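Given next are the chains, with one letter for each unit.
2 protein chains.
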Amino acid sequence: MARSGPKLTRIARTLGVSAATVSNALSGKGRVSAELAEKIRATAAELGYVPSLAGRALRTGRTAAIGLVLPDIANPLFPQIAQAIELAASSAGYGVLIADSRGDVTTQTKAIERLIDRDVDGMVIVPRRGTRITDVGCPVAVIDTPSTPGNTVAADHWGGGRQIAEHLKALGHRRVLVIGNNPASNVQNDRIGGIRSALAEGAFVETLWIEPLEREQGKGCPLGLAEKVAEGFTAFACVSDLHALRALTELQRAGINVPEKASVTGFDDLIWSPVVTPALTTARMDMTRIAAIAVGALVKAIGERDPTDAAIGAPVTADDAEVPMQLVVRQSSAAPPRIQFQPGQTTANARTSAPEGEHQP
Amino acid sequence: MARSGPKLTRIARTLGVSAATVSNALSGKGRVSAELAEKIRATAAELGYVPSLAGRALRTGRTAAIGLVLPDIANPLFPQIAQAIELAASSAGYGVLIADSRGDVTTQTKAIERLIDRDVDGMVIVPRRGTRITDVGCPVAVIDTPSTPGNTVAADHWGGGRQIAEHLKALGHRRVLVIGNNPASNVQNDRIGGIRSALAEGAFVETLWIEPLEREQGKGCPLGLAEKVAEGFTAFACVSDLHALRALTELQRAGINVPEKASVTGFDDLIWSPVVTPALTTARMDMTRIAAIAVGALVKAIGERDPTDAAIGAPVTADDAEVPMQLVVRQSSAAPPRIQFQPGQTTANARTSAPEGEHQP
DNA sequence: TATCGATGATTAAACGATTAATCAAGCGAT
DNA sequence: ATCGCTTGATTAATCGTTTAATCATCGATA
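Just so you know, the protein sequences line up as chains A and B, in that order.
Under the numbering used here, the first residue of the first sequence is numbered 1, with each subsequent residue one higher.
Under the numbering used here, the first residue of the second sequence is numbered 1, with each subsequent residue one higher.
There are no misleading hints in this set.
Pairs count within a copy or across copies, as identical chains cannot be separated in the list.
Straight-line alpha carbon distances no greater than 30 Å define the calculated BS3-like cross-link-like pairs of lysine-lysine that follow: (1) Lys110 with Lys39; (2) Lys300 with Lys7; (3) Lys219 with Lys261; (4) Lys110 with Lys7; (5) Lys261 with Lys169; (6) Lys29 with Lys110; (7) Lys29 with Lys39; (8) Lys29 with Lys300; (9) Lys219 with Lys110; (10) Lys39 with Lys7; (11) Lys110 with Lys300.
Hints are computed from structural coordinates only; laboratory data are not their basis.
No experiment lies behind these values; they were computed from the predicted model shown.
Based on the provided sequences and hints, a complete structural model is requested.
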């Protein structure tokens, strides 16, 4: 209720015109003379007029609010996403309502329903791994991965995987262990696909899935990376910085120095990545751009939509659905130990990227 | 606009009564006979009636939405907080609008203004370190620390500090380095105060502040913990798990095994705490309870407030402003190395808490 | 000069709910 | 039988904005 501020009628009365004229002048819609419009804008600004969203919503059927649905709000990416979406939305004049789904599917449905009941104009959904977004009854932007059908916009996870892989290859790694969490995740599969494709010739790649392993051995169980090192693996390419962190500390704990004896890479450039020792090499998404595209497409769809009609179909589409990832090289990746080098390899090139100090045996 | 769903009048027409009666029946306010009320509720449920928030907001001046303001949305605690607040708010019938302030003070003010312009009924603010909440013009619940004036509810950070300290003391630690980020933070000061107070007799405590150090030596600089170990420090009590992680990896990297040669503790039980090796000993806040109290107090204040009056004064108060923290003992804390033990110490007791394997020299 | 069009502003209805004021009916007591 | 009170429901106003329809004015055209 615009906290006791001036209403439209207040401005109208002040200038001796009708409320409709004020509305027209401010929205630039009806027919208002230039000078009167200017005068109206001036006094509106002077009085600090802020339109009542409630009044407008009632009349137009638009609440100027969008919902943000994340599968797992405990996801460490959440801050990045929320921040980016909020920025994009607020500069487009939209508010952001959050919906928690605690990973649970039924809870997610409930959360979406609550948003609908609140009459959001649209929603941004980062779907839970593998979940298909059912028709929700308002425009929806989906941020998942380019290979997902119905995806609106996403980082080029595959390309990010390629970049990580190229980086490791250039350093001289030939036996790489890819560490993922759950094979049902589209994002993870794309990242891994990218890694494998870039490493296809001349390198051996194996994949370790954490979640199945933990179902067997219990949460937080060791991943057995020391054994993998013994098997000749020199690099651990993790599908998220969280797993990279896990790998890093497990290796360190086992006395395997990173990056001298083994390299570790992650994804997403999460908060701790630059802070740990050694700082993590990772691939970052351009969340600001992704959010801008998602919200842009959403707002466009909202504008084109007749607010009185009911459900609409598929998620909205954007012109630019694929945003490149950026490789961030830090200290957790370097050339593999000498003994692992294959004959004919350009060791010189690889060595230059290795951090100073702590040389290998 | 309750997406093409049935309106009040629709129910009224179906039953041949007036809209006012339906409204009264549903809200239980006016005078409606029991059987008619029941019939109305039944058909409302059957038709799937959802009241239009916009219509209601316009009439009552209540939007049933609250704002959530966090100083730094990149804060890794954000997911926990947001999740808890959202849960508490939604079960009280409120939606949660997020406001990003990117750490910046002016941006924070802007964000708060946007929330006001959106007519939130109240807001929950987790203030930036040291910031006093100016009068915002709607009820406000502040979550900071019990010692902050104007605080509504918070974890007992001091008590959490004491628990960490008691734990370390019981393990036998006598030289403890406390690691904080910024001395201007109320929360950090309380945590450190608690630690120091419990360690006052019979132990030596020093505090290391990261932010000042980084201003000198650059972001991500080493904290020099190996030197501290050489100086005889056996435990590093960090004011956040993020710093604990930094300390842990720096120590591991320097070849100092945790917890055999040095213990590391954190705060907040962040996402990675159970996952790293060794898993972090930490102190957790009961965010669910804190959020419930904050939102409860807020909702109460909203209910008592006359929606037409303007600014109100101080933040709302709650009966129970101090929620105890919970010590979570994991593998990163153990008895200090033998050589550090003071004569007359009950080493047996301390040893029992130490993890098996990897014995000290 | 009467008419047509364009221009600039006003009127009034509508969005969907809440609520104070009003009204009708039933019943007990005077 | 009438007055007054309670009960149960209706009427109508209201919140603040938007917008279709209307109206008045003036200049130009026939």
